[in-house]
Amino acid sequence: MPYEYPKFEYRRSPDQDTVDPVRHPVVIIGAGPVGLALAIDLALKQVPVVLLEALDTISVGSRAICFAKRTLEVCERLGLGGRLLEKGVTWKKGKVFFGEDEVYEFDLLPEDGHQFPAFINLQQYYIELYAIERAQELKEFIDLRWCSELQGINYGENGVHLTVGTPDGTYQLDCDWLIAADGARSFCRKTLGLEFEGRTFDDQFLIADIKTKVEMPPVRHFWFAPTFTDADSALLHMQPDDVWRLDFQIGPKADAVKEMQIEKVMSRVRGMLGDEIEPDLEWISVYRFQSRCIRNFRHGRVIFSGDAAHQVSPFGARGANSGIQDAENLAWKLQLVLKELAPESLLDSYNSERIYAAEENIRHSTQSTDFIAPKGAVSLAYRNAVLSLAKQYKFARPLINSGRLSTPTVHLESTLNTADIDSWLGQLSPGAPAADAPLQTPKGECWLLSQLKGDFTLLYFTDGAVPEDVEAELRRLSENAVLVKPLVIGLNSESQGVSLFDLLGLAALRYDARNGTTYLLRPDQHISARWKRFAKDAVRKALKRATCN
Amino acid sequence: MQLNLEPKIEDPDGFYNQLICLHDGLSEEESLELQSRMILLLTNHIGDSEVLSEVMRIAREPFEK
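First to last, the sequence lines map onto chains A and B. If you read the first sequence in my numbering, its first letter stands for residue 668, the second for the next number, and so on. If you read the second sequence in my numbering, its first letter stands for residue 178, the second for the next number, and so on.
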């Protein structure tokens, strides 16, 4: 049975019956994964949000299906991680084929000691449904209005004036900040007349989500020049509920209408999975894709996020994953600006950090596309040379690009970072998301990232008792206007006055930590600054820098 | 590392002949793939990105106006 889409009822808002438009601090347009993630994050920070959605249901078709480790970590903080992990198909391995030959197999996260896997596959409608249910739990702060279509934007220095269409007619609404999370065909973007810059690719792709029982491990399969169907490439992903995502590259000239005929689709499906397959077709779509973004994500009081701001090819799963990172980047900055604890210029760092991220994602997805769909004889010759060498000679394997799968952007150049003065080992750096690690408590195990709950955090490692001056400063910071929560980790079981221990030494390894090592972490869990020894002036200075104060 | 532009190939005529004969019986498409395989093998052996950039620059020289 195909998935049944829930219907959400339109309810008349009291805002529709006022003479003067009601003013809200934040209005978000679009209840997709990005808009919902942002709304939940803001609600957890006790910022009231109006979320407008034009439709009365969730994403039709599974659309985004690959959710990366970082997205799961963000969703865990939002209270969704467990449900996503439970429902999703966990995978980390991928096989690459060239014609009939298996060329090689990759493993995305060979390292243990992380709460979340490299990836789960889960239909977008599930992530949206769970997020809507979470938003309903937070309804004190989230006013989610269905069948509410944005029809006009008028923005000035002091606020944004909106016209909203509903089944009861239109009404007016004012807000301090308008967040456009209204997807690739963003009304907000069109209304502001913002042009995308980037590339559109000619190749067409056919997506078929089918429901059938197939005995196969949850491994991503990618075929270059498959022999079982007339497509230039093909991709297979497992989803929950016996749903499979099949993706065929059918070339620039294919006739989309013919390609979507059931018999034609079925012949491709059977070519891939076997003649005996009798699947239900859940969703069929033919698409072309773009790699492009708008030049500025912030236009005064209108801020763009997700597909409304940037689009990538699907290879690499960098669309929804980067959109959710936009949301986590924006939420805390918006909160501090609304509470007047930071100047508006903090929002410009959202712009610069997330444009940097979008450019990184566009670069990766464009490079993948150039490998998967080579333009011209020379590109094709190189691509085939790489693939034909890779089976036997491992030097060629890193050159294979069937999609560089989403990893979180390290905001290396961010002005919010404080540069290292000490030298460090390991993968972390200012601008990078904090690393997870298992910790021990008197009650059992927990995860390091689950201790970072959406405020600034001062992470302090100790091998004995926490020195009095450090403790006093931790206390003072936890009462600071911009709240900084202390998180003290004992490096061994002798550490005193501590309730979290790194007995396996994985946190110490990943953070290159010894006695006195201190990290200042942002509310979005990215590293703002770090020191080998605690120094309160340095911490205060780094905090100011991270908040543009 | 610097790109070595001094003559280094032993038996130049023999090598040149070997290079041409390598393509015997191949279509243009196959030849192109063979050359790509060779370039990838050599490239990996060299590894040094500065040297490789210099190789690419010189290779493209006549086409830059």
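Simulated from the structure, these hints should not be mistaken for laboratory data. Where is the CB? At the ideal position from N, CA and C, for every residue including glycine. A few of these clues could be false.
[As the list claims (entries may be wrong)] Here chain B is said to cover these stretches of chain A; the calculated rule only asks that three of the stretch's residues, wherever they fall, bring their Cβ under 8 Å from a Cβ of chain B: (1) 840-847; (2) 948-955.
[To be verified] Label pairs and their calculated CB-CB ranges: (3) B:GLU207 to A:PRO1065: 19 to 29 Å; (4) B:GLU207 to A:ARG937: 40 to 50 Å; (5) B:SER226 to A:TYR672: 43 to 53 Å.
Hint check results:
1. Note: the region 840-847 of chain A has 0 residues with beta-carbon separation from chain B under 8 Å; the three-residue rule is not met and the coverage is violated.
2. With 0 residues carrying a beta carbon less than 8 Å from a beta carbon of chain B, the region 948-955 of chain A misses the three-residue requirement, and the given coverage is violated.
3. Between GLU207 (chain B) and PRO1065 (chain A), the C-beta spacing of about 25 Å keeps the proposed range 19 to 29 Å intact.
4. Checking the proposed 40 to 50 Å range against GLU207 (chain B) and ARG937 (chain A) shows it is violated: the Cβ atoms sit about 32 Å from each other.
5. Taking 43 to 53 Å as the suggested C-beta distance range, the pair SER226 (chain B) and TYR672 (chain A) conforms, at roughly 51 Å.
Going down the numbered hints, you'll see the structure goes against 1, 2 and 4, while the others check out.
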